[in-house]
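Take the given structure of chain G and dock chain X to it, following the hints.
Number of protein chains: 2
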Amino acid sequence: MSPSFESPSFAPPGPRREVEEGAALTPRFGSDGLVACIAIDARDGTVLMLAHMNAESLARTLETGEAWYWSRSRGELWHKGATSGQIQRVVEMRVDCDQDALLIRVEVGGDGGCCHTGRRSCFYRRVERDAETGSVALRPAGA
Amino acid sequence: MSPSFESPSFAPPGPRREVEEGAALTPRFGSDGLVACIAIDARDGTVLMLAHMNAESLARTLETGEAWYWSRSRGELWHKGATSGQIQRVVEMRVDCDQDALLIRVEVGGDGGCCHTGRRSCFYRRVERDAETGSVALRPAGA
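Chains as they are written, first to last, in the numbering used here: chain G, 1 to 143; chain X, 1001 to 1143.
The reader is advised that the hints may include incorrect statements.
Unchecked claim - Far from chain X, some chain G residues (derived; all Cβ distances over 10 Å): (1) Pro13; (2) Pro15; (3) Ala24; (4) Gly33; (5) Ala42; (6) Gly45; (7) Glu56; (8) Leu77; (9) His79; (10) Gly85; (11) Glu107; (12) Gly110; (13) Arg129; (14) Glu132; (15) Gly134.
Said to hold, decoys possible - So the derived label-pair ranges between C-beta atoms look like this: (16) Gly1085/X <-> His79/G: 42 to 48 Å; (17) Arg1139/X <-> Gly134/G: 28 to 34 Å; (18) Gly109/G <-> Arg1089/X: 35 to 41 Å; (19) Gly1118/X <-> Thr26/G: 39 to 45 Å; (20) Ala1082/X <-> Gly85/G: 44 to 50 Å; (21) Ser1031/X <-> Ala23/G: 29 to 35 Å; (22) Gly110/G <-> Gly1118/X: 37 to 43 Å; (23) Ala1137/X <-> Arg74/G: 31 to 37 Å; (24) Phe1010/X <-> Ser9/G: 36 to 42 Å; (25) Gly110/G <-> Glu1076/X: 42 to 48 Å; (26) Glu1076/X <-> Glu107/G: 37 to 43 Å.
Please keep in mind that the hints were generated in silico from the structure rather than gathered at the bench.
Don't be surprised by glycine CBs; every beta carbon is placed ideally from N, CA and C.
So here's chain G without its partners, still in its complex pose:
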């Protein structure tokens, strides 16, 4: 039997002061039903990736302690690492002031990577602007 998950529901956001200072998790999902989630490496704080969660992936992440996202490109729930082995064990989750963004500190399984291109982090290129010409180019950056 596969695990059963209750149909997830989060209370809608209340007044601003409660959203910002209260103890209730009331995610402000966008019109697409998603909130952004930043994943950072629990070892050293490196930003690994930015992805999105809907209510169900957020609920599964909280229940299982592993990161579940919503894949916008595939239009489906995405248990990160299910095929690659790069499972993200959630050491800590935080929410921001207006509760429309999440931050998770994760321990990465498998080879410790995150990006589908094979890099550890998805942010492997620097954006550089030439001050004289104004031209912009991407350059490899350590990741």
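What follows is chain X alone, placed relative to chain G:
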């Protein structure tokens, strides 16, 4: 005279390999015209905030070296720190594999803070789940 900004234009994303491995910045703006941008403190890597940029705010950020966002709540360009003094000087900008997210390392002006609630980071609350009851609550976290 206020500074004039060319009407910003970025080339549309090309084939996947170019988007992921090429040297051209071709941001994948969402249907709302925005890309997410993570701001981290250049001093120690602390994640300060998540906000959004449209083409114009991205162009201004590149041209001025200071973070410009698009305020979704106010529906306007937002020069971070213009009123609070918490200017974000961009030390480095990165883009992710599919170019729909940005990461900036910033030096923060003014009192060094970022969040409108007065905290240094917007991620000042931890999301905690009680394993027995399944209940979820937010707890203050150092920020």
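Quick rundown of the hints versus the structure:
| no. | hint | result |
| --- | --- | --- |
| 1 | Pro13 | holds (12 Å) |
| 2 | Pro15 | holds (14 Å) |
| 3 | Ala24 | violated (7 Å) |
| 4 | Gly33 | holds (13 Å) |
| 5 | Ala42 | holds (13 Å) |
| 6 | Gly45 | violated (5 Å) |
| 7 | Glu56 | holds (15 Å) |
| 8 | Leu77 | holds (19 Å) |
| 9 | His79 | holds (18 Å) |
| 10 | Gly85 | holds (19 Å) |
| 11 | Glu107 | holds (17 Å) |
| 12 | Gly110 | holds (18 Å) |
| 13 | Arg129 | violated (5 Å) |
| 14 | Glu132 | holds (13 Å) |
| 15 | Gly134 | violated (7 Å) |
| 16 | Gly1085/X <-> His79/G: 42 to 48 Å | holds (44 Å) |
| 17 | Arg1139/X <-> Gly134/G: 28 to 34 Å | violated (47 Å) |
| 18 | Gly109/G <-> Arg1089/X: 35 to 41 Å | holds (37 Å) |
| 19 | Gly1118/X <-> Thr26/G: 39 to 45 Å | violated (21 Å) |
| 20 | Ala1082/X <-> Gly85/G: 44 to 50 Å | holds (46 Å) |
| 21 | Ser1031/X <-> Ala23/G: 29 to 35 Å | holds (34 Å) |
| 22 | Gly110/G <-> Gly1118/X: 37 to 43 Å | holds (40 Å) |
| 23 | Ala1137/X <-> Arg74/G: 31 to 37 Å | holds (32 Å) |
| 24 | Phe1010/X <-> Ser9/G: 36 to 42 Å | holds (39 Å) |
| 25 | Gly110/G <-> Glu1076/X: 42 to 48 Å | holds (43 Å) |
| 26 | Glu1076/X <-> Glu107/G: 37 to 43 Å | holds (40 Å) |
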